[in-house]
Amino acid sequence: DGGITQSPKYLFRKEGQNVTLSCEQNLNHDAMYWYRQDPGQGLRLIYYSQIVNDFQKGDIAEGYSVSREKKESFPLTVTSAQKNPTAFYLCASSIDKGLAGVSYEQYFGPGTRLTVT
Amino acid sequence: SQKIEQNSEALNIQEGKTATLTCNYTNYSPAYLQWYRQDPGRGPVFLLLIRENEKEKRKERLKVTFDTTLKQSLFHITASQPADSATYLCALDLNNNAGNMLTFGGGTRLMVKP
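Protein sequence lines correspond, in order, to chains A and B. With the first sequence counted from 1, adding 1 to any position gets you the working numbering. With the second sequence counted from 1, adding 227 to any position gets you the working numbering.
The reader is advised that the hints may include incorrect statements.
As the list claims (entries may be wrong) - Here are some, though not all, of the chain A residues that point toward chain B, as calculated from beta-carbon distances under 10 Å:
no. : residue
1   : R45
2   : D60
3   : G64
4   : G102
5   : T116
What the hints assert, rightly or not - Distance windows between CB atoms, simulated:
no. : chain 1 : residue 1 : chain 2 : residue 2 : range
6   : A       : I52       : B       : E232      : 27 to 35 Å
7   : A       : V103      : B       : V272      : 17 to 25 Å
8   : B       : K230      : A       : Q18       : 29 to 37 Å
9   : A       : I52       : B       : D294      : 33 to 41 Å
The set of hints was computed from the structure by calculation and includes no laboratory data. Glycine is no exception: its CB is placed at the ideal position from the N, C-alpha and C atoms.
Using the sequences and the hints, build the whole thing.
Now the structure itself:
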């Protein structure tokens, strides 16, 4: 089965601890994305990566870090510097041929709900 | 400022009727617009994509329109069913040099009553 997986589904952490969320895809997609979703709100982009070993900040990157050492994997670390880390985190991937004039759908994982107390 | 607005109030309709959801945007010039469905506690699922020079796109019971003059997209579900109950998100693809990036609206929750 091709798809995108995130683990774990639920994660609980104490304030002040860093935590890493996993995201893996076997769709052979070049581009991967991390979003944050708060209750009743839309998705906000944290980081994205168009190619291995390269990534860019999204709209709300402060307090987060990522790596892209393999095409299949794009882990997100929520650091203790993130002031309001409790949220639903979604990872996505898409084809990205780097062409203007084309748009591709994004495939989303099931999400990780992080609770920090 | 740039905004994408979807009705934050839930839309309640009777089974069999047509549901119409609205996506308005300000100070964006999207080349494409996408619609997604999201069920509670799950990731969004892609439904439809429409280009700026397309007025309308259909897929089974779904229809999307895109009016770049009004800066608005309408999403219609005809012959709605209780299984269509979900949150629907619109997303703008500005199609700039930053790759396949989307900017999402806040979503509208649709409740279809039997």
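Minimum beta-carbon distance criterion (10 Å), A:T116 to chain B:
violated, 14 Å
Answer holds if the nearest beta-carbon of chain B is closer than 10 Å to that of A:D60; otherwise answer violated.
holds, 8 Å
Does A:G102 pass the interface check with chain B, least Cβ-Cβ distance below 10 Å?
With Cβ-Cβ at 7 Å, under 10 Å, it holds.
Within 17 to 25 Å or not, the Cβ separation of A:V103 and B:V272?
Once the Cβ atoms are compared, 21 Å apart, the range 17 to 25 Å for B:V272 and A:V103 holds.
Tell me if the interface restraint on A:R45 is satisfied: Cβ within less than 10 Å of some Cβ in chain B.
Cβ of A:R45 sits 8 Å from chain B, so the hint holds.
Given A:G64 as an interface hint, is the shortest Cβ-Cβ distance to chain B below 10 Å?
Violated. Min distance 20 Å.
Within 33 to 41 Å or not, the Cβ separation of A:I52 and B:D294?
holds, 35 Å
Holds or violated: 27 to 35 Å for the Cβ distance of A:I52 and B:E232?
holds, 33 Å
Regarding B:K230 and A:Q18, is the given constraint of 29 to 37 Å on their beta-carbon distance met?
holds, 35 Å
Hints 3, 5 from the earlier list are contradicted by this structure; the remaining hints agree with it.
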